[in-house]
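**Q** Just need the whole structure built from these sequences, with the hints factored in.
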Amino acid sequence: MEELFNTAELNEMKEQISLLRRKLEKETIVNEKLIRTSMRDKLKAVKLRSYILCAIVLISCPVWTTPIFNFHSPWFIGVTIAFLLIAVVYEIYCNQLLSTQNYITGSLVDEARKLNRYKQLGRQWHWFSIPFLCIWLPWFVYEATSMGGFFVKNILIGGLIGGTIGGIIGWHIYKKGQNTVNEVIDQIEELTEEKE
Amino acid sequence: MRRQTMKKNETEFAQMVRAHKETIYTVCYMFSNDSDEVNDLFQEVLINLWNGIEQFRGESKVDTWIYRVSLNTCISWERKKKLRATVPLTMDINLFEDKDEDTRQIQMLYKRIHQLKPFDRAIVLLWLENMSYEEIAAIVGITVKNVSVRLYRIKEQLKQMSNL
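These protein sequence lines map, in sequence, to chains A and B.
Counting from 1, one number per residue, gives the positions in the first sequence under our numbering.
Counting from 1001, one number per residue, gives the positions in the second sequence under our numbering.
Note that these hints are calculated values from the structure, not bench results.
Be a bit skeptical, because a hint or two may be false.
[To be verified] In silico contact screen, one side only, chain A against chain B (beta carbon under 10 Å); selected entries: (1) Glu-9; (2) Arg-21; (3) Arg-22; (4) Ser-38; (5) Val-88; (6) Leu-108; (7) Ser-129.
[What the hints assert, rightly or not] Keeping only pairs whose Cα atoms sit at most 27 Å apart, straight-line, the calculated DSS-like set for lysine-lysine is: (8) A:Lys-153 x B:Lys-1117; (9) B:Lys-1117 x A:Lys-114; (10) B:Lys-1145 x B:Lys-1117; (11) B:Lys-1061 x B:Lys-1145; (12) B:Lys-1117 x B:Lys-1159; (13) A:Lys-26 x B:Lys-1159.
For every residue, glycine included, the Cβ atom is placed at its ideal position computed from N, Cα and C.
**A** Quick look at the structure:
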């Protein structure tokens, strides 16, 4: 099998990688500041972002009980807060999969499989959250309109613009993330099939 | 005592990173789209190496471990995950933009490898670094036979690319 790889192209590639290494040897690349920053930065970026998000959601929960939303029924407030709390718990659960401890001993396939599971959980969340929002939004509009008055128009316009912009941005971020790992996921499946 | 141990770890870490900077950079370069992304990835790899240094007990060779962490980081990397400010790498060359003959050769290698899927990129990189099939299999997490089959396919793919 080895002889098969001794083609001109692959030998050329081996020479090119040696050339790259020789070029890199002459470069400093790593500076003191970079090493210091990396050692200090123990916190995982993804988890940090996620926990900030969770904190914002948790802080927003009591806001629903303030007089600003007093035109809503206790049922609506209760269901909204329950949904937010479920979202936080789910996010924390998904984050457990992002532990980087496996980088040390785990193989590429194991690591990518975990990533795959993380993405899968993300997709599964939409099966719950999208139908929920389809009910929640009309419910929100219904309760707001039943209050009547000038205030309703402002709430509805604000809600519509904010909801649309937020929805588009959120969907764009989600799709971008999904596309990045789809390639990896395809390959895990391919590799797993070959193993079997 | 604890402070002394920390200091020793820090010194060892800095030495290890400097000794293997070419390996880390090569992997990050092959998985990046531009210089900024190489910077981000390089720092991400260093963070993961530092986080894992206490768990690394020398069960595998240091360079195998560094490859594993670097490749795992690059495979799992998503640009949107970036949250921290990146410290720029200290380099006089730009492998994406320089036009000298050596860099053009390296760019040719980059173009070939970058067209492969992430796992194939990892396998061919390890193979080009003269790693044995056993070592490649251990890092990637597939069987030795699978490595040989995949390398055969990669070779075919590379041939097709050069025929285009």
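**Q** Decide, hint by hint, whether the structure agrees.
**A** Each hint tested on the structure:
Taking 10 Å as the C-beta cut-off, the interface hint given for A:Glu-9 holds, the closest approach to chain B being about 5 Å. At a threshold of 10 Å, the smallest CB-CB gap from A:Arg-21 to chain B is about 5 Å, leaving the interface hint in force. Evaluation of the A:Arg-22 hint against chain B yields a held restraint, the C-beta minimum of about 8 Å falling below 10 Å. Hint status for A:Ser-38 relative to chain B: holds, with the closest Cβ pair at about 4 Å, below 10 Å.
At a threshold of 10 Å, the smallest CB-CB gap from A:Val-88 to chain B is about 19 Å, leaving the interface hint violated. This hint holds: A:Leu-108 has a C-beta 5 Å from the nearest C-beta of chain B, less than the 10 Å allowed. Violation of the interface hint for A:Ser-129 is found here, the shortest Cβ-Cβ separation to chain B being roughly 19 Å, above the 10 Å cut-off. Proposed proximity of A:Lys-153 and B:Lys-1117 is contradicted: the alpha carbons are some 52 Å apart, above 27 Å.
Among the hinted pairs, B:Lys-1117 with A:Lys-114 is consistent with the structure: their alpha-carbon atoms are about 18 Å apart, no more than 27 Å. Of the pairs offered as hints, the one joining B:Lys-1145 and B:Lys-1117 holds, with about 19 Å between alpha carbons and a cut-off of 27 Å not exceeded. For a cut-off of 27 Å, the pair hint linking B:Lys-1061 to B:Lys-1145 stands: about 22 Å separates their Cα positions. This hinted pair checks out: B:Lys-1117 and B:Lys-1159 have alpha carbons roughly 15 Å apart, not beyond 27 Å.
The hinted pair formed by A:Lys-26 and B:Lys-1159 fails the criterion: a straight-line CA distance of about 32 Å is larger than 27 Å.
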